[in-house]
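J.: Residue numbers (our numbering), protein chains in the order written: chain A, 218 to 447; chain B, 218 to 447.
These are computed hints drawn from the structure, not numbers from a lab. Among the clues, some could well be false.
Identical copies go unnamed one by one, so any copy, or any two together, can satisfy a pair.
What the hints assert, rightly or not - Each computed EDC-like pair below joins lysine to aspartate or glutamate, with the alpha-carbon atoms no more than 20 Å apart:
{"hint": "1", "residue 1": "Lys402", "residue 2": "Glu262"}
{"hint": "2", "residue 1": "Lys391", "residue 2": "Glu298"}
{"hint": "3", "residue 1": "Lys391", "residue 2": "Asp227"}
{"hint": "4", "residue 1": "Lys241", "residue 2": "Asp380"}
{"hint": "5", "residue 1": "Lys266", "residue 2": "Asp254"}
{"hint": "6", "residue 1": "Lys391", "residue 2": "Glu262"}
{"hint": "7", "residue 1": "Lys402", "residue 2": "Glu261"}
{"hint": "8", "residue 1": "Lys391", "residue 2": "Asp254"}
{"hint": "9", "residue 1": "Lys310", "residue 2": "Glu445"}
{"hint": "10", "residue 1": "Lys241", "residue 2": "Asp413"}
{"hint": "11", "residue 1": "Lys241", "residue 2": "Asp381"}
{"hint": "12", "residue 1": "Lys316", "residue 2": "Glu434"}
{"hint": "13", "residue 1": "Lys391", "residue 2": "Glu261"}
{"hint": "14", "residue 1": "Lys266", "residue 2": "Asp319"}
{"hint": "15", "residue 1": "Lys323", "residue 2": "Glu242"}
{"hint": "16", "residue 1": "Lys320", "residue 2": "Asp227"}
{"hint": "17", "residue 1": "Lys412", "residue 2": "Glu434"}
Note that the structure is a prediction, hence the values are computed from the model and not measured.
Protein chains: 2
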Amino acid sequence: MFIRQLFDRDTWTYTYLIADPDTKEAAIIDAVKEQFDRDAQLIEELGFKLKYSLETHVHADHVTSSGKLRDRFGAQVVLQEASNAKCADILAKDGDVLKLGDKEIKVLHTPGHTDADATFQIDGAVFTGDALFVRGCGRTDFQAGSTESLYNSINDRIFSLPDDTVIYPGHDYKGHTASTVGEEKAYNPRLGGGKDLEAFAEIMDNLNLPAPARLDESLPGNMRCGAELN
Amino acid sequence: MFIRQLFDRDTWTYTYLIADPDTKEAAIIDAVKEQFDRDAQLIEELGFKLKYSLETHVHADHVTSSGKLRDRFGAQVVLQEASNAKCADILAKDGDVLKLGDKEIKVLHTPGHTDADATFQIDGAVFTGDALFVRGCGRTDFQAGSTESLYNSINDRIFSLPDDTVIYPGHDYKGHTASTVGEEKAYNPRLGGGKDLEAFAEIMDNLNLPAPARLDESLPGNMRCGAELN
């Protein structure tokens with residue numbers, strides 16, 4: 218599978234372009250509205266047929282370009298079903314499989330950061346969105362987040378994968394770009410080393426994070442797949 | 218080969234940690250002083266033996282942590298020989314080979330951004346520093362830079378590699394993280410599509426770039442491998 222990581226510096230967001238090199242069928246994960254021109258140019262230069270615009274969740278910190286990617290490339294917009302996002306072409310359920318040529322993208326429902334988090338699994342790698350970060354994880358204090366759900370999602374669905382599975386996060390705030398299941402199981406300060414739910418909750422309950430700067434704009438924008446509000 | 222990309226957001230710099238997974242002998246490329254703690258922690262968590270701290274050139278936009286990495290891990294600091302950097306343990310020449318276990322890092326002299334640029338080649342990938350960027354290239358207007366040298370370095374030494382060779386740049390200012398020789402040969406707006414030297418020079422002579430913000434601090438700092446000035 219072709220995998221290309223892209224970064225939006227303003228919102229610290231990672232976008233991923235993945236493709237089956239044989240058929241050139243492609244998907245983009247967590248595309249950022251302000252980066253539409255960059256991403257569209259790259260897709261065109263590589264000769265990719267953009268089949269899906271995948272969202273790991275309804276983002277609170279940036280607005281997606283999924284609607285624009287659908288208009289330009291005919292991509293189907295995919296969100297996890299619990300989002301109830303009416304703009305989506307596909308509301309994906311746990312276990313659903315999306316095809317790029319002969320390659321498969323498996324949808325894992327990994328709630329906890331929100332109630333509608335999807336982790337996308339391909340052979341040897343997972344795109345974990347804001348569920349699991351490199352040496353961290355997403356917050357659980359709004360958007361129907363749940364510390365217990367996130368604990369179970371990460372432990373049962375991600376840490377159960379082979380240790381050499383590559384983790385591609387939705388953000389990183391220290392300049393890490395990727396990790397592995399083995400690394401996070403060992404060194405994630407919130408969940409690694411076999412921490413129990415109580416220890417995890419103690420950490421998560423004391424993060425004292427400010428509200429995301431773009432919350433009021435992002436949530437309604439993303440529920441419309443990035444279309445402008447009237 | 219293990220390859221992990223790292224980013225310094227303040228200076229838009231990519232650092233790379235590479236290693237032979239069997240012996241865990243490792244090298245870091247273009248480490249940034251402010252990221253020393255992050256990088257040292259990662260090296261320790263992964264159980265790597267840091268054998269080399271490689272510099273693609275004497276940077277004008279950030280100060281290296283190579284001296285601190287030498288102190289902590291016993292790494293040998295490697296710069297290209299034309300740098301005449303007295304702090305280096307190895308002044309590498311074109312064609313030199315550095316070993317990580319059974320794996321080889323080949324040093325290519327690719328001058329033009331400065332007169333002492335090194336591109337580090339491993340199996341299937343090149344770390345091009347500020348010679349070649351994704352859809353761009355380094356400036357040539359100071360530090361003994363030369364438009365003609367850069368043109369020849371990129372065309373003769375990098376574009377001559379197989380098209381699927383992965384390019385890992387020293388910086389990116391649009392959020393790209395990597396490219397390939399084939400992509401850059403086709404789509405690099407400065408050098409792609411078989412542009413001749415005259416066309417390249419016309420572009421490079423009209424960039425009108427400001428001086429790097431940290432020039433006065435960076436050059437003397439890097440000639441000392443990041444040691445403080447008295």
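J.: Where does the structure disagree with the numbered hints, that is, which hint numbers, in rising order?
T.: 2, 9, 10, 12, 16, 17
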